[in-house]
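Peer 1: Next come the chains, spelled out residue by residue.
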Amino acid sequence: MKYAFSRKQLAIPYAVFLVLFVILPLFVVLSYAFTNGDGQISFRNFVAFFGSSKTVGTLLYSVVIAVITTCLCLLIAYPTAYILAKTKMKSGDALLMLFVLPMWINFTLRITALKEILTVLEGNLALHPFLNTIVGMVYDFLPFMILPLYNALAKLDDSYREAAQDLGASKRYVFLRVILPLSVPGIVSGVTMVLLPSMTNYVVLDMVYNSTYIMGSLIGSYFSSYDWHNGSVISIILLVIIGIITVISNRFTEGESDGKVSVLR
Amino acid sequence: MRKSRHEINRYAMIGLLTGGLLLGSLPLLSGCGAAEEDAIVLRVANWEEYMDEGDWDEEDAVEFSDGTILCPESSLVEDFEEWYYETYGQKVRVEYSTFGTNEELYNQITIGDVYDLACPSEYMIMKMMTEGMLEPYSEAFYDADIPENYYVRGVSPYIAGVYGELSIGGEALSTYAAGYMWGTLGIVYNPEKVTVEEASTWKLLLNEKYAKQITIKDSVRDAFFAGVSIYQYDDITAETFRQSDTYAGDMYDKLNATDAVTVDAVENILSAIKRNVYSFETDSGKADMVTGKVLANQQWSGDAVYTMDQAEEDGVELCYSAPEESTNLWFDGWVMLKDGISEAPEKKQAAEAFVNFLSMPENAVRNMMYIGYTSVIAGGDSEKVLDYVNWCYEADPEETDEEDMVEYDICYFFDNEDAVIMTSEDQTRRQLFAQYPPAEVMDRSVIMAYFDAEGNERINRMWTNVRCFDLKSWWEGLAK
Chain A
1 MKYAFSRKQL AIPYAVFLVL FVILPLFVVL SYAFTNGDGQ ISFRNFVAFF GSSKTVGTLL
61 YSVVIAVITT CLCLLIAYPT AYILAKTKMK SGDALLMLFV LPMWINFTLR ITALKEILTV
121 LEGNLALHPF LNTIVGMVYD FLPFMILPLY NALAKLDDSY REAAQDLGAS KRYVFLRVIL
181 PLSVPGIVSG VTMVLLPSMT NYVVLDMVYN STYIMGSLIG SYFSSYDWHN GSVISIILLV
241 IIGIITVISN RFTEGESDGK VSVLR
Chain B
266 MRKSRHEINR YAMIGLLTGG LLLGSLPLLS GCGAAEEDAI VLRVANWEEY MDEGDWDEED
326 AVEFSDGTIL CPESSLVEDF EEWYYETYGQ KVRVEYSTFG TNEELYNQIT IGDVYDLACP
386 SEYMIMKMMT EGMLEPYSEA FYDADIPENY YVRGVSPYIA GVYGELSIGG EALSTYAAGY
446 MWGTLGIVYN PEKVTVEEAS TWKLLLNEKY AKQITIKDSV RDAFFAGVSI YQYDDITAET
506 FRQSDTYAGD MYDKLNATDA VTVDAVENIL SAIKRNVYSF ETDSGKADMV TGKVLANQQW
566 SGDAVYTMDQ AEEDGVELCY SAPEESTNLW FDGWVMLKDG ISEAPEKKQA AEAFVNFLSM
626 PENAVRNMMY IGYTSVIAGG DSEKVLDYVN WCYEADPEET DEEDMVEYDI CYFFDNEDAV
686 IMTSEDQTRR QLFAQYPPAE VMDRSVIMAY FDAEGNERIN RMWTNVRCFD LKSWWEGLAK
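Residue numbers (my numbering), protein chains in the order written: chain A, 1 to 265; chain B, 266 to 745.
The hints are simulated quantities; they were obtained by calculation from the structure and are not laboratory data.
Just so you know, not all the hints are guaranteed correct.
[Stated by the list, open to error] Chain B stretches covered by chain A per the calculated footprint, using a threshold of three residues with CB under 8 Å from any CB of chain A: (1) 475-485; (2) 541-553; (3) 731-739.
[As the list claims (entries may be wrong)] 25 Å max Cα-Cα, derived DSS-like pairs, lysine-lysine: (4) K474(B) <-> K519(B); (5) K737(B) <-> K54(A); (6) K54(A) <-> K477(B); (7) K171(A) <-> K86(A); (8) K115(A) <-> K539(B); (9) K737(B) <-> K458(B); (10) K356(B) <-> K468(B); (11) K54(A) <-> K539(B); (12) K519(B) <-> K539(B); (13) K477(B) <-> K115(A).
[Said to hold, decoys possible] Over 10 Å on every C-beta distance to chain B, these chain A residues come out as not near it, computed from the model: (14) I12; (15) I23; (16) L74; (17) L127; (18) L218; (19) Y222.
Everything numeric in this text was worked out from a predicted model, so none of it was measured.
Built from N, CA and C at the ideal position, the CB exists for glycine as well.
Work out the full structure, taking the sequences as your base and the hints as a guide.
Peer 2: Given below as structure tokens:
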């Protein structure tokens, strides 16, 4: 029989990758999380996590850092992306480049530079660990918020805005009822790109001398003392949080995929 | 764990380049491998930047008292391959790899990496011994009559004593391990801001006068040692306790205690330390000391030497102290791994020869010069190691005031009455003190054992508690 090439076969490399590096490890993590040192099925690790005020404290601390970081990124990125998207000049691309450029520079280098700037401003970094962490996180994740927002806003058809204006909507009304709802998919993907990584990116905390653990540092700490079980529990908890956020954000973007545009209601 | 005194430098660059070249030429080697087949392959795992790579500058050259000058061009590994062929008439090829922490090495081995010779720290050696992973050294290795046995002929009697006395499950550590580098755990401080008295105790970490100006290591074991020393301070500094016949054993028991009461107390102390210090640092401490961001930090002696050297170049004078309650005597040693060695008996000879080669006095000096840590080798009949210490620290009588000249006695290490260095007074608190602490510091030093499973779990939980966000005290702080 002659060998027939079908387009589906192009997906084989990715399928292999998916099985080897996504699905298999996930099962390893699951099996570690729900077993004890003797290999028996156990929920003790979860009970221990939620039973300790310290580990729950770190979960809340990570959530607070992540939420504040995401909100600040959104507040800074939205107007920036809007201006970038609406700039008629060719300088728009150059401006965008300016915001994306930091991503091309090694992260450690950037955060070291930031550390020095903050030291000059504050004197002793250790006096404001929380503030410094937020500054570091926002600085690190801002491009990840700007890009999806910029994409969403740049694609936005100007005729919607013109139509709303022709029908007598004020500028504020146009923004709140037309532009903002239409950019929700961009906001959602920006939020997902920033919220979760900022719960685990403990390098930022290390670099700005914040010695309190977040979820990521907790995993690292467990793993370095061969405690695969508790480390996996943290990963599962993060996985559940990701799951919840994905479900919620799907709700937001569903309207668009149905072809209905919710603004026009 | 122990880092080199050289930061990323040209040695590392050369290392990278040669590494790249070697990798590139691998297929070539295997293509014409007939000549290579009879070579013994020795797989060595060592700390990063923990062995001389040669290519010294002329200004680094060391001159010994017999007039010979040491300025190597090739790396110790290359020199060993050559020396082994000349001495034993057999080819050996060293596959050299590095690790960053003891845990990393252990994890690599448990997931299936095979090494013949590795250089873990004392507690990891104890763990590996307990788990039966190690191959014992042969009896011939300890025969001082064999001229090639540089280790047994050159090792400091003090270190040999430590290795001989420490036993796990009835077997002495020296059966399974040969020493490499050793040192103490102490505090580097800026003497202009912090007084000698303040820096002479681990309580400095709690001193509110220096709130947010001191760093501590981000390592469970090092932090625990400082914490438990503070907790036991009154007991272990009491004169009656110090004079007791069982002092050494009692100290070991007290500072290695992992019972719930001790660990809880240490948790409170470390939480207070966390509130008081600048940070728990992984690698920034050395640079922050030099730039003056912090005034003191917890450090291993070898890193302390590096930090003091660096600061000196910037015109800042730093000092090192080994706290009066106790210091942690640590050492890294060479162990042979059963999994690797059992594949071929001739590997054992090569592995032991490698340790002996590193223990040649001039090679010990090469390593000390390159790494900055202190070799366990005192030199035996050879004066070269002592020459090196004099070369580094002997004060020039013409340039130093007579009042500043002191006799610094390290006879205990060299087992040699001439081991008294005429040095300047400040060196008794600086590099010389860090590299070769005086006998009384070693008298109150303690080795930190590998804790049993229960103790380990308790200490790791304690560490997590210290480092996690403390909701309760945050809430209480708000309520105020």
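Peer 1: Each hint needs a verdict: does it hold in this structure or not?
Peer 2: Hints versus structure:
1. 475-485: Three-residue rule met by the stretch 475-485 of chain B, so holds; n is 4.
2. 541-553: With 7 residues in contact (Cβ-Cβ under 8 Å with chain A), the coverage given for the stretch 541-553 of chain B holds.
3. 731-739: holds (count 7)
4. K474(B) <-> K519(B): 29 Å, violated
5. K737(B) <-> K54(A): Holds, at roughly 8 Å.
6. K54(A) <-> K477(B): 23 Å, holds
7. K171(A) <-> K86(A): 15 Å, holds
8. K115(A) <-> K539(B): 20 Å, holds
9. K737(B) <-> K458(B): It is violated: about 35 Å lies between the C-alpha atoms, which goes past 25 Å.
10. K356(B) <-> K468(B): Status violated; Cα separation ~54 Å.
11. K54(A) <-> K539(B): Cα-Cα ~15 Å, so holds.
12. K519(B) <-> K539(B): OK: K519(B) and K539(B) at ~23 Å, within 25 Å.
13. K477(B) <-> K115(A): 16 Å, holds
14. I12: 28 Å, holds
15. I23: Fine: 20 Å to the nearest Cβ keeps I23(A) off the interface.
16. L74: 24 Å, holds
17. L127: For L127(A), whose nearest Cβ neighbour in chain B is about 6 Å away, the distance does not exceed 10 Å, so it is violated.
18. L218: 7 Å, violated
19. Y222: 8 Å, violated
Violated hints, listed in ascending order, are 4, 9, 10, 17, 18, 19; each of the other numbered hints is respected by the structure.
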